[in-house]
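Asks: Listed below are the residues making up each chain.
Protein chains: 2
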Amino acid sequence: MALIVHKYGGTSMGSTERIRNVAKRVAKWARAGHQMVVVPSAMSGETNRLLGLASELAPSHAKTSYYRELDMLAATGEQASSALLAIALQSEGMESVSYAGWQVPVRTDNSYTKARIESIDDKRVRGDLEAGRVVIVTGFQGIDPDGNITTLGRGGSDTSAVAVAAAMKADECLIYTDVDGVYTTDPRVVPAAKRLGTVSFEEMLEMASLGSKVLQIRSVEFAGKYKVPMRVLSSFTPWDIDLEEEAKSGTLITFEEDEKMEKAVVSGIAFNRGEAKISVLGVPDTPGVAAAILGPVADANIEVDVIIQNISKDGKTDFSFTVSQGDYQRALDLLREKVVPALGATEVVGNPNIAKVSIVGIGMRSHVGVASTMFRTLSKEGVNIQMISTSEIKTSVVIDEKYLELAVRALHTAFGLDKSE
Amino acid sequence: MALIVHKYGGTSMGSTERIRNVAKRVAKWARAGHQMVVVPSAMSGETNRLLGLASELAPSHAKTSYYRELDMLAATGEQASSALLAIALQSEGMESVSYAGWQVPVRTDNSYTKARIESIDDKRVRGDLEAGRVVIVTGFQGIDPDGNITTLGRGGSDTSAVAVAAAMKADECLIYTDVDGVYTTDPRVVPAAKRLGTVSFEEMLEMASLGSKVLQIRSVEFAGKYKVPMRVLSSFTPWDIDLEEEAKSGTLITFEEDEKMEKAVVSGIAFNRGEAKISVLGVPDTPGVAAAILGPVADANIEVDVIIQNISKDGKTDFSFTVSQGDYQRALDLLREKVVPALGATEVVGNPNIAKVSIVGIGMRSHVGVASTMFRTLSKEGVNIQMISTSEIKTSVVIDEKYLELAVRALHTAFGLDKSE
Chain A
488 MALIVHKYGG TSMGSTERIR NVAKRVAKWA RAGHQMVVVP SAMSGETNRL
538 LGLASELAPS HAKTSYYREL DMLAATGEQA SSALLAIALQ SEGMESVSYA
588 GWQVPVRTDN SYTKARIESI DDKRVRGDLE AGRVVIVTGF QGIDPDGNIT
638 TLGRGGSDTS AVAVAAAMKA DECLIYTDVD GVYTTDPRVV PAAKRLGTVS
688 FEEMLEMASL GSKVLQIRSV EFAGKYKVPM RVLSSFTPWD IDLEEEAKSG
738 TLITFEEDEK MEKAVVSGIA FNRGEAKISV LGVPDTPGVA AAILGPVADA
788 NIEVDVIIQN ISKDGKTDFS FTVSQGDYQR ALDLLREKVV PALGATEVVG
838 NPNIAKVSIV GIGMRSHVGV ASTMFRTLSK EGVNIQMIST SEIKTSVVID
888 EKYLELAVRA LHTAFGLDKS E
Chain B
488 MALIVHKYGG TSMGSTERIR NVAKRVAKWA RAGHQMVVVP SAMSGETNRL
538 LGLASELAPS HAKTSYYREL DMLAATGEQA SSALLAIALQ SEGMESVSYA
588 GWQVPVRTDN SYTKARIESI DDKRVRGDLE AGRVVIVTGF QGIDPDGNIT
638 TLGRGGSDTS AVAVAAAMKA DECLIYTDVD GVYTTDPRVV PAAKRLGTVS
688 FEEMLEMASL GSKVLQIRSV EFAGKYKVPM RVLSSFTPWD IDLEEEAKSG
738 TLITFEEDEK MEKAVVSGIA FNRGEAKISV LGVPDTPGVA AAILGPVADA
788 NIEVDVIIQN ISKDGKTDFS FTVSQGDYQR ALDLLREKVV PALGATEVVG
838 NPNIAKVSIV GIGMRSHVGV ASTMFRTLSK EGVNIQMIST SEIKTSVVID
888 EKYLELAVRA LHTAFGLDKS E
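Top line first, the protein sequences correspond to chains A and B. Sequential numbering from 488 applies to the first sequence in the numbering used here. Sequential numbering from 488 applies to the second sequence in the numbering used here.
Honestly, the hints are just simulated from the structure, not real lab data. It should be emphasised that the depicted structure is a prediction, and the values quoted were computed from it without experimental measurement. Check the hints yourself; a few may be wrong.
Identical copies go unnamed one by one, so any copy, or any two together, can satisfy a pair.
Unchecked claim - Here are the simulated lysine-lysine pairs, DSSO-like style, with alpha carbons at most 27 Å apart: (1) Lys550 with Lys610; (2) Lys889 with Lys511; (3) Lys515 with Lys550; (4) Lys550 with Lys867; (5) Lys803 with Lys712; (6) Lys550 with Lys803; (7) Lys511 with Lys800; (8) Lys511 with Lys601; (9) Lys550 with Lys511.
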């Protein structure tokens with residue numbers, strides 16, 4: 488008998504029919520003798536519907552009090568889906584009870600709409616588990632020190648599930664989603680992409696941050712911090728497949744390094760479309776120049792991804808960074824109006840159509856030549872590399888967006904990730 | 488400066504446009520210097536939508552744990568509308584905060600789906616009022632001693648508003664609704680019906696229990712118990728009408744008996760369509776016979792309204808009562824199968840198409856002949872009275888449903904309630 492946490496996304500909870508299937512699946516696990524905690528998202532579309540209503544009424548200058556109400560509003564989506572799942576489980580003959588975040592309680596800070604979990608009290612939930620109940624805990628939400636409802640931001644239910652699993656010292660946290668695991672790359676781009684049986688949490692962290700949408704990055708951070716074994720698997724397999732088979736399906740995110748020894752050096756190819764590159768040319772190479780350029784950008788709420796500063800020539804240097812395409816023009820205007828005159832830079836140039844491709848693998852730590860294989864592969868395909876950024880377990884390159892698919896496919900083959908191999 | 492509670496029904500909260508109008512109206516009151524607490528219902532249709540989802544998933548044998556989840560689910564409707572109203576008020580430039588029942592807290596017993604309010608802590612709300620905020624408190628819901636969400640039953644937001652007003656010692660509780668006050672009778676039946684400027688809470692209590700749907704009966708009981716001045720008024724007047732005019736509109740439910748001295752003996756004519764009459768004939772006139780007949784009926788969850796037992800003849804008596812038309816056949820079958828054989832009664836007869844008409848007036852206490860005026864009026868119109876039931880301030884008669892409109896109109900005129908008088 489194990490203590491298992493299941494998390495179901497909005498698509499899995501999207502109709503009463505689907506909720507019934509979730510209940511049947513959970514009941515199967517409970518009947519096999521496991522203690523079950525389930526964290527559901529809101530029914531698909533519900534969070535957007537609620538936030539749409541709010542945006543029709545929103546004040547022109549949003550203050551903290553507005554974000555507080557947004558959380559009050561959005562949290563109702565998960566409360567409703569949780570109650571419906573408890574009802575569906577009761578129909579399956581299981582004792583079941585649902586708790587909103589504040590009832591557990593899931594304590595968070597007071598950063599409305601993007602709160603961070605501080606602690607979870609496991610007493611109430613444990614009491615129910617010991618009484619033989621399946622416990623449903625609303626995803627996405629908690630309560631701040633003043634008793635206000637908070638939410639964890641989009642995708643926050645993944646984090647809720649992992650945090651609950653950590654607090655309960657669960658044996659495994661299963662994230663049921665609309666993909667059947669973590670792939671070496673997006674199968675829509677590379678049909679030969681393989682599902683990974685296991686992936687290290689550090690690799691998963693890089694992949695999540697590099698645009699793989701399988702898991703919310705904070706949930707992976709949380710799993711890493713508390714060493715919660717976490718599995719991504721499909722919610723679209725029939726609910727009545729063999730439990731042992733289901734328990735081994737999908738991708739396990741693991742903390743056991745030695746499992747990886749026999750594995751590929753590179754585990755996956757992640758990529759991000761829709762980026763734009765901006766370069767400020769001829770800036771004086773003096774202390775504080777990065778802050779002088781990126782400070783105003785951050786103040787305008789523009790998120791910056793890759794940042795590169797070239798070596799200086801004649802006391803001048805070039806400074807480049809990437810932003811999302813939606814922020815491109817605003818960032819460009821800002822720099823031209825405020826930063827270039829203030830810094831005495833030569834000019835600002837940009838490219839609104841670039842993409843980022845990254846190879847990720849924990850094996851890169853101990854293998855030399857991985858980056859050069861990447862560069863050689865892209866060169867052979869005639870893909871020009873515009874920027875390079877590296878970390879211990881990943882190498883990212885910025886390239887022209889039109890070469891994205893070509894680059895991903897070529898790298899997938901070059902690193903031996905194709906199914907046929 | 489006064490402390491005022493406003494309550495808005497689901498229709499008033501039915502769209503973002505309407506919520507914006509509610510916010511403008513509340514802001515007008517707040518700008519006039521009043522401390523404002525607002526209790527909104529869920530957006531119209533929302534509670535039905537949620538309970539519809541639940542009924543698709545409901546277990547065949549509902550237990551307490553099911554009703555607990557229903558409350559968890561239904562409570563989200565008011566939480567969402569309350570947050571939206573707070574947002575709309577912020578857009579009007581007012582500081583505003585919304586609280587779910589558990590945040591106030593509104594403490595109730597644990598009778599899920601029909602909980603009763605036990606106490607309301609006014610500390611948190613008062614702190615916000617003193618800080619200049621408009622406070623929104625979710626209607627319809629509370630928290631039980633174990634921290635579970637409860638709801639007060641259909642129309643419970645009226646009761647929430649009155650209870651909040653009582654706890655805060657508010658100067659007045661204004662119930663904004665889709666009618667512009669309490670009428671001498673339903674204007675759809677008697678076009679000459681007059682709006683009452685004031686009505687005593689005892690009369691209102693009778694009218695609410697006799698089928699007038701203006702207010703939930705428990706809210707009137709609550710107002711009576713705590714002497715909360717309560718006003719029913721229209722939410723469809725333009726939000727920007729003069730505040731003094733608005734404050735005097737609608738119908739005031741009062742506790743001052745002497746105000747009534749100059750008033751009509753009968754304040755209104757209430758009626759209930761859709762009733763059915765059942766008579767058990769020839770039952771032995773022995774102790775326990777009422778229990779023997781009505782016990783099985785109550786066990787089958789059939790609500791009984793008027794109950795009459797005739798005088799006995801030769802040790803036998805006739806026992807009659809009314810039920811709603813929807814329960815008629817079930818009650819008849821039940822009596823024929825179980826009660827008649829057990830009691831040795833002669834037979835069970837019934838009429839599935841009757842209606843109840845009642846005259847209500849606090850003046851009946853001190854005026855004789857009111858009931859006989861009623862009977863004479865009906866007789867003159869050829870309406871046969873099938874059953875009679877009286878209380879201190881009302882007289883009800885059961886008649887054939889087809890005479891309902893005729894009877895109501897004739898009584899409205901006979902008691903001097905027509906507008907022209």
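Asks: What label fits Lys889 with Lys511 when the C-alpha limit is 27 Å: within, between, both, or neither?
Replies: neither (45 Å within a copy, 52 Å between copies)
Asks: My question is about Lys550 and Lys511: at a cut-off of 27 Å on alpha-carbon distance, are they close within one copy, between copies, both, or neither?
Replies: Between copies only: 19 Å across chains, 44 Å inside a chain, cut-off 27 Å.
Asks: For Lys803 and Lys712, with the copy left unspecified, which applies at a CA distance of at most 27 Å: within, between, both, or neither?
Replies: The answer is neither: 42 Å in one copy and 82 Å across copies each exceed 27 Å.
Asks: When Cα atoms must be at most 27 Å apart, do Lys550 and Lys610 count as within-copy, between-copy, both, or neither?
Replies: between (35 Å within a copy, 24 Å between copies)
Asks: How do Lys515 and Lys550 come out at 27 Å by Cα distance, when the copy is not named: within, between, both, or neither?
Replies: Answer is between: at 22 Å across copies they meet the 27 Å cutoff, but 46 Å inside does not.
Asks: Using 27 Å as the alpha carbon limit, work out where Lys550 and Lys867 are close: within a copy, between copies, both or neither.
Replies: Neither, since 53 Å and 69 Å both go past 27 Å.
Asks: Is it within a copy, between copies, both, or neither that the alpha carbon of Lys550 lies no farther than 27 Å from that of Lys803?
Replies: Classified as neither; 42 Å inside a copy, 76 Å across copies.
Asks: When Cα atoms must be at most 27 Å apart, do Lys511 and Lys800 count as within-copy, between-copy, both, or neither?
Replies: neither (67 Å within a copy, 63 Å between copies)
Asks: Should Lys511 paired with Lys601 be assigned to within, between, both, or neither, using CA atoms and 27 Å as the limit?
Replies: Cα proximity of Lys511 and Lys601: none, with 32 Å in one copy and 30 Å across.
Figure legend: structure checked against the earlier numbered hints; hints not met, in rising order: 2, 4, 5, 6, 7 and 8.
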